[in-house]
Every structure is written in structure tokens, then in C-alpha cells.
Amino acid sequence: MPEPGETVVEPADTVQPYPPGDLVIWIFILAELLVFGIFFAAYAFTRLSNAELFNQYQLTLDRDAALINTLALLTSSYFVVRGVVAVRAGNSRLCARWTWGAVAMGGVFLVVKTAEYAHHIGAGINLSTNKFYMFYLSLTFFHYMHVILGMVILAAVAVKAGRHGYSRDDYVGVETGASYWHMVDLVWLILFPLVYVMR
Amino acid sequence: MNTPAPGRQLIRPCTWTYLALVLLTGVTWAIGRAGLGGLSVSLLVLAIALFKGQLIGDWFMGLSAVRGIWRWVIVIWLLIFGGLIGLAFVLTYRG
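Top line first, the protein sequences correspond to chains G and Y.
The first sequence lines up with residues 1 to 199 when you count with the working numbering.
The second sequence lines up with residues 1001 to 1095 when you count with the working numbering.
Quick caveat, the hints were computed from the structure, so don't treat them as lab data.
Hints are supplied without guarantee of correctness; some may be wrong.
Derived CB-CB ranges, DEER-like [stated by the list, open to error]:
id, chain 1, residue 1, chain 2, residue 2, range
1, G, Ser138, Y, Ala1030, 24 to 30 angstroms
2, G, Ala115, Y, Ile1076, 34 to 40 angstroms
3, Y, Gly1038, G, Asp169, 50 to 56 angstroms
Far from chain Y, by Cβ distances over 12 angstroms, these chain G residues were calculated [what the hints assert, rightly or not]:
id, residue
4, Ala42
5, Ser128
6, Arg199
Simulated coverage check for chain G against chain Y, where a stretch passes if three residues somewhere in it have a Cβ under 8 angstroms from a Cβ of chain Y [claimed, not checked]:
id, segment
7, 48-58
8, 67-80
We treat Cβ as the ideally placed atom computed from N, Cα and C, and that holds for glycine.
Work out the full structure: start from the sequences and follow the hints.
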């Protein structure tokens, strides 16, 4: 039992009524997930009447590049988790290092994905080529833009953390950026098998 | 003394979660690399993806430590849109 007047600090890992981070980012995350979910369903139901075309052109995609990108995003998400743990322990500098690591892994994703786009564009492929490429290019590019936004958010968090801008009592900004980045990762974990593997 | 700092006890489960996600990603990639297809394979790949999504929600997003409706938002999203994707693939093969 705490002594009278003693401050009780709730561990961040106990059951909470709200998810980590600012509640507004969670409203934004739900809106984003709804849009991506509709996009995924549209892909699957369009494929329903174009299965042969989708199966044929799916083979032109680089699954090895998709593997590298999936591992890059998973690793970046893990780094973000470590950053959150560090700042909860009051180590803002360590949080900054982990978060910069996550940004770097996001950079790996962008480099690999850009190389894929360059290959497709070089082969004369665009949104009008066929229905499969219309979905592939628009869906992955929509996600690509989210990766860029996520990297900007994480970089802002890392800069502030590097200047001791967070403490063990004030780290909601880190959790907010982390939640957004995990959403970007989550969406890719569905996109990768749906577009590159399922046939 | 030696009381773990808040959040430190998250490292081990999150590290295991990360390793499980990497392993399951390898399985998905291997299925694709082998050119395997068909309804059962597609549904297996989808189930793996939904499970991975659940791991992200529970451990990386921290929803396993949340009560109420927020605990279930990612589960609901995965079930609704995973269900629609699965239905479309079932209809493709049985339609």
C-alpha cells in the first residue's frame, strides 16, 4: 500500500482504457484502415471475374523485393517498439536512436519499392495497362505515400527525443508516432500476400 | 531496487513477436516463390496474414493491454476485410 501522499506511478503495461498515443491518431488510423480495407476488397472482388489475368500478371512482380520490404517494415516496427520502451524508462536519447533506426528501415522500403516502380515504368507499364496493374500500382503507391508520411512523423519524434524532448512522464508523442507507423506496417502485411502471393 | 522500468517487460514478448512475424513472412514468401496456388493455399496464406496482423495489433500497437472496444478494433478490421477477401477467393474457385 502506498504511504499517504506518495505518488503511485501506473506502469505503462497495465490494462488501460485507451490505446497508446493520442486518441486523435487512432481515429485517423481507423479511417485509414477503412480506406485500405475497401481497396483490398475491391481488388479481391475485381479479381473474381479476372482471375486468369490477375494470375498471369502477378507472376511479373518481384516477390524477393516484397520479402525484403516486408522484413524492412517489420524490423522498423520492432525498432519503434524499442524506442517506446526506452522513452517509458526515461531514456529519450536511446529512444531517438531506435527511432532513427526505424526511419532508416523505412528508407530501405522506399529504395526497394522505387526500384520496382522504375522497372515497371521502364517496361512501359502504367495504370492503363490492365486491371491488375491498375490495382497493383495504385494500391502500392497509396501505401508508399503512407510510408513517406510515417517516416516524416518518426523523424520528427526522433529529433525531439534526441533533444530530450520526452521524459518518462511525457511520451505520448512517441506513442502517437509509433501507433501510426504500426498501422503502415499492418496494412503492408495484408497487401503483400494479397497482391504478390495469393492466386 | 532493481524494479524493471515501465515498459521493459514488453521487450521479451515483442522480440518473440518480431521473430514469429519474420518466420511467418518467410513461409508466405516460400509459398509464393514455389508458385503454389489454389483455394486452400490462398486461404492458408490469408490466415497467416490475418494472424500476423493480430500480432501487430496486440503486441506492437499495445492493444493486448487495452480494455473495451479499443481492444478489438484491429481484430474487427481483420475479420471484416479478411472475410471479404476470403469470400472473393472462395467465389472465384466455386463460382
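Evaluated hints:
1. Remark: the range hint 24 to 30 angstroms for Ser138 of chain G to Ala1030 of chain Y is upheld by a beta-carbon distance near 28 angstroms.
2. Checked against the hint of 34 to 40 angstroms, the C-beta distance between Ala115 of chain G and Ile1076 of chain Y comes to roughly 36 angstroms, which is consistent with it.
3. One distance hint, 50 to 56 angstroms for the beta-carbon pair Gly1038 of chain Y and Asp169 of chain G, holds here, with the actual separation near 54 angstroms.
4. With a cut of 12 angstroms on Cβ distances, Ala42 of chain G falls inside the contact zone with chain Y, its closest approach being about 10 angstroms.
5. Remark: the non-interface label on Ser128 of chain G is consistent with the geometry, its nearest Cβ contact in chain Y lying 24 angstroms away (cut-off 12 angstroms).
6. Interface exclusion of Arg199 of chain G from chain Y breaks down, the closest Cβ pair being 4 angstroms apart, not more than 12 angstroms.
7. Look at the segment 48-58 of chain G against chain Y: 3 of its residues bring a Cβ nearer than 8 angstroms to a Cβ of that chain, three or more, so the hint holds.
8. Beta-carbon proximity to chain Y at under 8 angstroms applies to 8 residues in the segment 67-80 of chain G; the threshold of 3 is reached and the given coverage holds.
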